[in-house]
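Visitor: Each chain, written out:
There are 2 protein chains.
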Amino acid sequence: MPVGTQASVKALRNEALEELGAEIILANTYHLCLRPGSGLIRKLGGLHNFMSWPRAILTDSGGYQVFSLSELRKISDDGVRFRSHLDGSEHLLTPEKAVEIQLALGSDIAMVLDECIETPAPRDKAEAAVARTTAWAKRARAAFLDHTARNGECPANDELQQWQFGIVQGATFADLRRESARQLLEINFPGYAVGGLAVGEPHAMTCDMAGEVTALLPRDSPRYLMGVGRPEQIADYVALGIDMMDCVLPTRAARHACLYTSEGRVLIKNARYAEDQNPIDADCSCSVCTRYTRAYLRHLFATGEITAAILATHHNVHFYLDIMRQIREAIEFGNLAKFSSEMHARYSAEPA
Amino acid sequence: MPVGTQASVKALRNEALEELGAEIILANTYHLCLRPGSGLIRKLGGLHNFMSWPRAILTDSGGYQVFSLSELRKISDDGVRFRSHLDGSEHLLTPEKAVEIQLALGSDIAMVLDECIETPAPRDKAEAAVARTTAWAKRARAAFLDHTARNGECPANDELQQWQFGIVQGATFADLRRESARQLLEINFPGYAVGGLAVGEPHAMTCDMAGEVTALLPRDSPRYLMGVGRPEQIADYVALGIDMMDCVLPTRAARHACLYTSEGRVLIKNARYAEDQNPIDADCSCSVCTRYTRAYLRHLFATGEITAAILATHHNVHFYLDIMRQIREAIEFGNLAKFSSEMHARYSAEPA
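Order-wise, the sequence lines are chains P and U. Sequential numbering from 1 applies to the first sequence in this note's numbering. Sequential numbering from 1 applies to the second sequence in this note's numbering.
Check each hint, because a few of them may be wrong.
Repeated chains share a single entry, so a pair holds when one copy, or any two copies, can fit it.
Calculated cross-link-like contacts (lysine to any residue; reagent style SDA-like; alpha-carbon spacing at most 25 angstroms) [to be verified]:
(1) K97 - R178
(2) K97 - E275
(3) K43 - L267
(4) K269 - I306
(5) K43 - N278
(6) K43 - A302
(7) K138 - K269
If you're looking for bench data, these hints aren't it; they were derived computationally from the structure.
Chain P extracted, bound-state conformation:
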């Protein structure tokens, strides 16, 4: 899922996302809640209508940003009290409130509020976070079912069927991860996410924890690993049974002139590309690679042109979506392990 934090995948028009074949994007509840506000989005017909994006949208609960961006957060069993990083205004985010907001946004997939803790975490802190995450998940599920029973799925759009996903926590403790998954399975969600990973721990640890969880989750429910990943890691997660991922890497790297290619990463501002008449990636079929040269991209970045971000983002999102297409193909041909080891060889190298 390309990330459209503020109801826009940075530097891409929706038309470009459609051309790229994006079927679902992620939008951030915390940001949209502060600006323009979930009430306004609801009033304007929900997020799909507001941003004119008819394809699927997943919204997070807002919890992760409360923990990472806001000031003066105070967590209790009730919820999280925090101050906006924009204007210092005080807000209380509860499991019920996170449900209500995402129903107002009218996303296709809504995440429950979970407790995100810093890692590495001591065991007692991780245990407490799992307990609170489960208690919050129960309240969120009850609020969601109660609300939809009374009001229909989405106040902004009667036709919307929203899927609510639970989030497995447990830091880097395998037994806590399993315990968290079992507790969420008891609540019974139509989909599950694995949260609190890819926050600094080694890739092998991320895989271990994700694997502990996917082994328990039903194969016919979507399984979503949050906030990943680097190009060479994606196939590993898929091999573990992960179906969905989101990451700012392709779009953020693009704005910082880091381009992904079939040969590895290209730092396009490097002087070696000044006269390079090749496309970003000779193997790429995107509309940037079929028209523009590395020399031109380098020039646009060197001179600070907005078009640099537009073209680079377009290419990197194509690259990421193409990884998923290649993975589906590798699965069909039984080549996933080979594909994964090739990706690791290619992208663990220094960028060119």
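Given chain P's structure and the hints, the job is docking chain U onto it.
Guide: Structure of chain U alone, referenced to chain P:
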């Protein structure tokens, strides 16, 4: 002509310019000379090839930016010595050098180097600038004809036929304008520009001066008024016989959240648009107005999203190109004066 200073119309991919029907863009010789350098562009097959823009390009001489952007400029009969505003490096721009650079860029229309003076200017200064502009125009024409006789039109592209335009100066003195035009006509250019206007003088004065010049210039040569204009002024210039214009206004205003509509200017960041589900302009057929709302545009500007600049620029350039389409229609139906007075009524009002 939309302005693509650094070989990119800011925030628009070439694909968007093509969708908008732009037939010609302007690129700035001064900027391209400093970055990436005319030698590099020549080596990479000329500007068309470098930026992947097969349609027409007009390049200015670089003189205007030398006078407005660079430091320590020193003008003599030989040319202008200046320091780059980027790195302080010293350069000498002569009439011959401006010809040589633009042949290297391989633009379709190249401008001669002229002397730009500040306005209002005393008569003796304006007289001296006309004399120097004519002397430089003679040298530029000789250099161009000599070069093309020896080397073909464009070193980067044998198939290119470059048109060299002379530039009429004379500040706000009608007799000097006429004298400048007559002197350039003697040199004999395939097209002519009117320079040194729209630099602070009243619109009526711009029209007076442009009219003095177009009355003398051949009707079958393109007549280009440089650096204009506001939407309501364009029809006036066309009525005086002007065929070509360039202006950063549509693109720059767009990036500052000022949108042009059939009802006047809209400052889209205004709170009154927060819930406005109308398009920027209900009468506009551009791909932004057919898909996105004012509320969404306002949100994108309020949150500083790059997509705000992309969508706003697209719309404003459509608006400007549409003015030209409407003017052509008005001419055919004999309605140009009516069209002009309607435009003045609409755009002299305060923005909404």
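Visitor: For each hint, tell me whether it holds in the structure or not.
Guide: Consistency of the hints with the structure:
In this assembly of identical chains, the alpha carbons of K97 and R178 never lie at most 25 angstroms apart, being 27 angstroms within a copy and 74 angstroms across copies at closest. Taking the shortest Cα distances, K97 and E275 sit within 25 angstroms of each other only across copies (23 angstroms), while inside one copy they are farther apart (55 angstroms). Taking CA atoms no more than 25 angstroms apart as the test, K43 paired with L267 passes between copies only; the shortest distance there is 22 angstroms, against 44 angstroms inside one copy. Taking the shortest Cα distances, K269 and I306 sit within 25 angstroms of each other both inside one copy (15 angstroms) and across copies (20 angstroms).
In this assembly of identical chains, the alpha carbons of K43 and N278 lie at most 25 angstroms apart only when taken from different copies (14 angstroms versus 48 angstroms within one copy). In this assembly of identical chains, the alpha carbons of K43 and A302 lie at most 25 angstroms apart only when taken from different copies (18 angstroms versus 43 angstroms within one copy). Neither within a single protomer nor between protomers do K138 and K269 lie at most 25 angstroms apart by alpha-carbon distance, with minima of 50 angstroms and 41 angstroms respectively.
Hint compliance for this structure: hints 1 and 7 are broken, all remaining hints hold.
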